[in-house]
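**Student:** Here's the letter readout for the chains.
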Amino acid sequence: MPHLTIEYSANLAAVADLDVVCRALHRAMLDTGLFELGAVRVRALAAAHYAVADLLPENAFAALVLRMGAGRSSDDKAKVGAHVFAEASKAFAPLFATPHFALTLEIIEIDPAFSWKKNAIHPRLRATKNGNSPEDKNV
Amino acid sequence: MPHLTIEYSANLAAVADLDVVCRALHRAMLDTGLFELGAVRVRALAAAHYAVADLLPENAFAALVLRMGAGRSSDDKAKVGAHVFAEASKAFAPLFATPHFALTLEIIEIDPAFSWKKNAIHPRLRATKNGNSPEDKNV
Amino acid sequence: MPHLTIEYSANLAAVADLDVVCRALHRAMLDTGLFELGAVRVRALAAAHYAVADLLPENAFAALVLRMGAGRSSDDKAKVGAHVFAEASKAFAPLFATPHFALTLEIIEIDPAFSWKKNAIHPRLRATKNGNSPEDKNV
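Residue numbers (our numbering), protein chains in the order written: chain A, 1 to 139; chain B, 1001 to 1139; chain C, 2001 to 2139.
What the hints contain is simulated information worked out from the structure, not anything from laboratory work.
You may find that some hints are simply not true.
[As the list claims (entries may be wrong)] Lysine to any residue pairs mimicking SDA-like chemistry, simulated, CA-CA at most 20 Å apart:
1) K2118/C / L56/A
2) K2117/C / I108/A
3) K118/A / K1079/B
4) K79/A / P2112/C
5) K77/A / G2069/C
6) K1118/B / L2055/C
7) K1118/B / P2094/C
8) K79/A / P2094/C
9) K1118/B / K2117/C
10) K117/A / K1118/B
11) K1077/B / K90/A
12) K118/A / P1123/B
13) K2077/C / D1076/B
14) K1117/B / K2077/C
15) K2118/C / P112/A
16) K118/A / A1082/B
17) K1117/B / S2089/C
18) K1117/B / K2118/C
19) K2117/C / K118/A
20) K1117/B / A2093/C
21) K2118/C / L34/A
22) K90/A / D2076/C
23) K1118/B / P2112/C
24) K117/A / F1114/B
25) K118/A / K1118/B
26) K90/A / P2094/C
27) K1118/B / F2096/C
28) K2077/C / F1114/B
29) K1117/B / K2117/C
30) K1077/B / D111/A
31) K118/A / M1001/B
Computed from a prediction, not measured in an experiment: that's the story for all the values here.
Produce the complete structure using the sequences and hints provided.
**Tutor:** The structure is reproduced here in structure tokens:
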């Protein structure tokens, strides 16, 4: 049940394609081999109002938070974080050529004792060759 | 001070009424008897950009996070979670008839040492018969 | 890397200027002397759908979550929280004259082991007199 939420200053939409970014990070999460296809949910939330650094109008940010189920090793979490962050850095590369952009990623674990889920996508994907069962990959 | 935030893929708005969902979950939280009326805040944040599972355009999700004050028992938290999730499942029932929807709920406690609040609604409701004082119900 | 996110019911925009609020809280964070200018990111996310307290249409809320790097003392965190909350209370003062508004603030620490960041604003600000290096202030 990995959830990747991208909060971003709305001015970013003028200089980056957030659909492309979402897809790039969706791909990055699958690259790691740690997540099942049917569980990956990447989304971007625009903040129409913001105040960033020295308040220049071109200052922009993307703040990524990845919430994932507990139980993976610290090594695996570090691997996921490093890879997703590297791909996010690529996706936003033109922004880093300016002195007006900041990117962050944070991983937070979901406490399984206080988590509920119901997924109607899994059965469809697990029944086809397109689906990746977690049993085929990692626990 | 219970906060229930629903992040959802914007395509969900075409097949579900988010105002109705917010009200159903507001009701579900009050049903538990653990929350004071004036403190319940349910809201839904649309993500205009997203990448879900196998990227079919009809793939949609709702990701609920309930942040509530610490101090309740694990049993009470489990009860709240189970009830809110059951009511959310009902609210989104037509979606579960498709193979394109995923629902999650997570409960997170708020650390009272690093929490501040000011509520101008409480005095109004506590002064009337409509208000539910927490002293009347549960601690 | 302090992140301040304001979730608010969309009806608040009719009675408060969220750009002004973002700037006031940006100022409040810098006032504390604990954060570097180039790292401060304040933003507001509107919830178009919500259900608050007794469901009067004028019921509104702002829910602030400040995520900041770990390592500061509890005293410093309490000082930051109290100051940001006091300034938020001022920014929303007209709302507290009504019985329809609720404000909260929560501070959450970011686990440095699972945090990644890249900031193109820092070099620009650190190179000028406008920048505040953390070494000049607090650790």
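**Student:** Please verify whether K1077/B and D111/A have alpha carbons no more than 20 Å apart.
**Tutor:** holds, 12 Å
**Student:** Take the C-alpha atoms of K118/A and K1079/B, compute the straight-line distance between them, and say whether it is at most 20 Å.
**Tutor:** holds, 17 Å
**Student:** Given the hinted pair K77/A and G2069/C, is their alpha-carbon gap at most 20 Å?
**Tutor:** holds, 18 Å
**Student:** Taken at face value, is the distance from the CA of K90/A to the CA of K1077/B at most 20 Å?
**Tutor:** violated, 41 Å
**Student:** Please work out if K1118/B and P2094/C have their alpha carbons no farther apart than 20 Å.
**Tutor:** holds, 13 Å
**Student:** Would the hint linking K2077/C and D1076/B be met if the CA-CA limit is 20 Å?
**Tutor:** violated, 29 Å
**Student:** Hey, K118/A versus M1001/B, does the alpha-carbon distance stay inside 20 Å?
**Tutor:** violated, 26 Å
**Student:** Would you check the hint for K79/A and P2112/C, treating anything up to 20 Å between C-alpha atoms as holding?
**Tutor:** holds, 15 Å
**Student:** Please verify whether K118/A and K1118/B have alpha carbons no more than 20 Å apart.
**Tutor:** Status violated; Cα separation ~35 Å.
**Student:** Starting from K1117/B, check that the Cα of K2117/C is at most 20 Å away, please.
**Tutor:** Between K1117/B and K2117/C the Cα gap is close to 30 Å, so the pair fails against 20 Å, i.e. violated.
**Student:** Do the alpha carbons of K1117/B and A2093/C lie within 20 Å of each other, as the hint requires?
**Tutor:** holds, 14 Å
**Student:** Keeping to a limit of 20 Å between CA atoms, is the pair of K1117/B and K2077/C held or broken?
**Tutor:** With Cα atoms ~16 Å apart, K1117/B and K2077/C stay inside 20 Å; holds.
In this structure, the hints that do not hold are numbers 8, 9, 10, 11, 12, 13, 15, 18, 19, 21, 22, 23, 24, 25, 26, 29, 31, in rising order.
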